[in-house]
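S.K.: Using the hints provided, position chain B relative to the given structure of chain A.
If you want the building blocks of each chain, they are given just below.
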Amino acid sequence: MRNTMKVAKWEIKRNMKNKSYIIGLLLTPLLIIGFMVISSFFDDSEEETSDSATVFVNDQLGVYDDMASTLEETGVSWDFMQTDLTEAEAQEDLENSEETAYVFVDQEGLEEGALSVYTSEDMDSFFMSEVQVLASPIQAKQIEELGLTESQFEGISQGVQFVEAGDDTATETSEGSLVGMDENPLQTLVPGIFGGFVLLSVVFTGMAIFQSASQEKKDKIAEIILSSLTPTELMQGKIIGYFALGLIQTLVSTVLLLPVFMWRLDEPLLEYLLVPELALYLLIAILGYLLFASIFVGIGATMADVTTAGNFQGFVMMLPFLPFVFIGPVLSDPSGLMAQIGTYIPFTSPAVLLLRLTTLEEWPWIEIGISLAILAISVWAFMKLAGKIFKVGILMYGKNATPGEIIKWLKA
Amino acid sequence: MDKMLSVSNLGKAFKDKQVISNISFDVHKGEIMAILGPNGAGKSTTIRNIMGIMYPDEGSIHFQSTNGKEIPRHRIGYLPEERGLYKNVKVMDILLYLADLKDYPLDKARTRALEYLKKFDLEGKDKVSVEELSKGMGQKVQFIASIIHEPELLILDEPFSGLDPVSQELFKDEIRNLAKNGTAILLSSHQMNLVEEMADRLFMIHRGKKVIYGTMDDVKLEYANFKCTIHGNNDPKQLELLPDVQRIEVNEGSTILYLDKDVNPNQWLKQLPEDLQILELKINRVSLHEIFIDIASDKNLLQEKKAGEVYA
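Quick mapping for you: the protein sequence lines, in order, are chains A and B. The first sequence begins at 1 in full-length UniProt numbering and counts up one residue at a time. The second sequence begins at 1 in full-length UniProt numbering and counts up one residue at a time.
Chain B extracted, bound-state conformation:
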């Protein structure tokens, strides 16, 4: 797969505080690559360095299309985290202005703008002033502005923040569509469930450093152990004694058993005692969300296990 963007050993400090260090990843054509991390982890700083809005202290950023460090501004679509639009202008005017800044032909931009407005339930809003739009509508217009010039690399910083579930679905579908049609997409988010659904690869960052990097499947295989949720009235002590159980979480009427990494679910299930009350049983992998919470809340379960790798 074509590498559209390559970031290597990126480092940036504000005053004496190292905000990010040693950040390296690639973004390929037609894939969705996600940067994950809690607030303040360094996601936006990384993206701003890529966009040339900040300059990194260390490391390099390589764009395939310009074959060098120069930022191919006209081929990148960018939706920053802190975003807005001029208030007292018409929706179509601002979309055309932003397309014009990207050197995109205006007649094509107009057609595409109308298409996308329709797609995002904003048909007929092209002549409406931006200040009359609701927040969600504004977000949609911003999203359209970032893709109107058919970018080959699309960078979305927290694209889902502040969106209602319906709009989230719209955005997700469109992002998937764009990737399917060959756009390389780099998106940052702290909403793990959304990322888990759509990202091909992910880069998890915490306190400015890499924690996890790989394809979604690999990451799940590597980090997301199985967990077994049993609904029923059972004695936690009895469950704790089961083999391959790392820890248990007792809730009212249910118990979650976190299993060892190498456990074979088939065999493990066969070992369950006969007298266990099972109203319902579910076995699945720990979600990205749980991994993320682990890291963000400094429970460090994962990091302890992977300490050697993470901080090597």
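Just chain A, with the same shape it has in the complex:
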């Protein structure tokens, strides 16, 4: 174990002194912050575009004030004013103006249910959908004209909507989730997202193990190292070292990103994060890491060079991306068959579990138990197998191992 820790310490130190690691360490959170800033910049600029639009209303029904107040409520801030121009005059005027629209509210249009709108050529394409908000004050006018009582008016303006109905549990769940959503969706999402982030960072850092193992061969230092310790110690040291590096990455990102998120979203994210569920999420992430790390370290030891990866190695490298297949089905039905299958496949179970636990209100404890057991057994089995491959593969310089050879080593 002492030797294992020495190797782990070395891997950490070596990477921490490596410029590209440090750049990556800081760049990941900075990129996320950068994207946030850029996207907010675009948001602002869109608002500016719609702000600059000028909308004239030829109001023959006396609803201009209602329309103006509706616009204010919805936050659309056009230059909104009345006009006496006729449709023909308006069209003429539009030929020489920019970002301008004319809306004609007249009795004829009201009866037909279609009001004419003329826009200048350069008008934003979203304008036609935005302008629909003006329909409600006109509808109200329509209803008023029908001479309905206040309760009748309320009945109509409430509208009708389709609500999913079914057995009691479904109703309960949807009610529950509605309540939960009302409370704050972030509260349940934050620990899950963090768990996912930890899983992603450690698995990605874990992929560096693969490089590290094959680099050991490329640099031909394996035999020198193995004169001081056993292959198992070297392998375990690498796995622990890169796990620590993944955690450092997570920590740095969290420290940099959390304040930014808290400021942007104006939510006590830290409070949401530090809940008991987080412990389980982290356990899942650690097991997921160990599984992939053992696979990567084993595969890395079979390759002379990262660039010479064969089909077999390439296929194995794709394993961490397998859970993406399940994201759609799991999100649409977190308790469905696909979700359950994903939970029981060791390569997908960490990500699928995290996704399900975050979206589900009631946790399926039995499934979680079985899944964790499968994961733990797989980790143990893959560590054993990786150990066998690593022992032989790490000394095979200058040549990739064929699947046949790997199977032979596994049998040995």
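Read the hints as simulated data drawn from the structure, not as lab findings. None of these values were measured; they are calculated from a predicted model. It is possible that part of the hints are untrue.
List of simulated lysine to aspartate or glutamate pairs, DMTMM-like, C-alpha gap at most 25 angstroms [claimed, not checked]:
1. A:Lys220 - B:Asp121
2. B:Lys127 - B:Asp57
3. A:Lys19 - B:Glu58
4. A:Lys9 - B:Asp103
5. B:Lys237 - B:Asp260
6. A:Lys220 - B:Asp126
7. A:Lys411 - B:Asp121
8. B:Lys210 - B:Glu158
9. A:Lys6 - B:Asp103
10. A:Lys391 - B:Glu81
11. B:Lys125 - A:Asp219
12. A:Lys391 - B:Asp103
13. A:Lys220 - B:Glu174
14. B:Lys87 - A:Asp219
15. A:Lys218 - B:Glu174
16. A:Lys388 - B:Asp57
17. B:Lys118 - B:Glu158
18. A:Lys218 - B:Glu81
19. A:Lys13 - B:Asp103
20. A:Lys408 - B:Asp262
21. A:Lys218 - B:Glu158
22. A:Lys218 - B:Asp93
23. A:Lys391 - B:Glu58
24. B:Lys90 - A:Asp219
25. A:Lys19 - B:Glu131
26. A:Lys408 - B:Asp57
M.R.: Here is chain B on its own, set in the frame of chain A:
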């Protein structure tokens, strides 16, 4: 002399091919023991089996310091044939890491590393990244790494390969020094001249089997017959007729006469004909190099003579 390492009846096969068989030798404290042989003879396989990097199919390896089969990793220094260093790290960092893996105190390791870097003309390179070193410099750092923890047994697999003559001398001196100070040294090489100069004992291996084993003097006495080189214009036929001449090799302006094993050089010289043209005459023993070439090129001169012993 203390036996630091004892190898007996070592055998190893890859698939159906027997790579080494029946290899037995000892390495003593303070001596330089050389394993010689052509490429592919089984030298590295033997060493890898000793280091526990491979496991022998037969035979046993005994280390004196652990009094058993367990490999005293911290007391062995090892320079493998296929060697390198991590590229993107500083020279001192890698030396300290390797010393740390051997449980050697780091402050002592640092002092020793600086001493050796200076000795090997690498002063001030301790903070330089390994990838900036030339190949020869890298070899020196690897050598320092193998001895930084003051090993009691040093195993060097082809330590001179790829070195320029100046560096070779440096390595040779240091290896001799280490032996003088009590380190047991096992080195493999195919550069006979170097081995001949420095080894106390040697073990020659060919096709995985022992060919010669003994002290350098014994080996020379036993296997290296005298040869006489005569510069001058002489008739080869006349030289062939001389007594105790096994065979002759005629070159332009000179002739080499290979003599029988039991020949007495004094008496033999007296028998040389008066009319022989001698511009220059040299009598010396056949070098290890020539024995080696004989064996490696399957001329089998030596093996024919010693067939009984070698393949008994």
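S.K.: Determine for every hint whether it applies to the structure shown.
M.R.: Going down the list of hints, with the structure as the test:
| no. | hint | in the structure |
| --- | --- | --- |
| 1 | A:Lys220 - B:Asp121 | holds (24 angstroms) |
| 2 | B:Lys127 - B:Asp57 | violated (44 angstroms) |
| 3 | A:Lys19 - B:Glu58 | violated (49 angstroms) |
| 4 | A:Lys9 - B:Asp103 | holds (14 angstroms) |
| 5 | B:Lys237 - B:Asp260 | holds (18 angstroms) |
| 6 | A:Lys220 - B:Asp126 | holds (21 angstroms) |
| 7 | A:Lys411 - B:Asp121 | violated (49 angstroms) |
| 8 | B:Lys210 - B:Glu158 | holds (18 angstroms) |
| 9 | A:Lys6 - B:Asp103 | holds (10 angstroms) |
| 10 | A:Lys391 - B:Glu81 | holds (18 angstroms) |
| 11 | B:Lys125 - A:Asp219 | holds (20 angstroms) |
| 12 | A:Lys391 - B:Asp103 | holds (23 angstroms) |
| 13 | A:Lys220 - B:Glu174 | holds (24 angstroms) |
| 14 | B:Lys87 - A:Asp219 | holds (7 angstroms) |
| 15 | A:Lys218 - B:Glu174 | violated (29 angstroms) |
| 16 | A:Lys388 - B:Asp57 | holds (18 angstroms) |
| 17 | B:Lys118 - B:Glu158 | holds (23 angstroms) |
| 18 | A:Lys218 - B:Glu81 | holds (14 angstroms) |
| 19 | A:Lys13 - B:Asp103 | holds (18 angstroms) |
| 20 | A:Lys408 - B:Asp262 | violated (55 angstroms) |
| 21 | A:Lys218 - B:Glu158 | holds (20 angstroms) |
| 22 | A:Lys218 - B:Asp93 | holds (19 angstroms) |
| 23 | A:Lys391 - B:Glu58 | holds (20 angstroms) |
| 24 | B:Lys90 - A:Asp219 | holds (14 angstroms) |
| 25 | A:Lys19 - B:Glu131 | holds (15 angstroms) |
| 26 | A:Lys408 - B:Asp57 | holds (18 angstroms) |
Going through the hint list in order, the structure does not satisfy hints 2, 3, 7, 15, 20.
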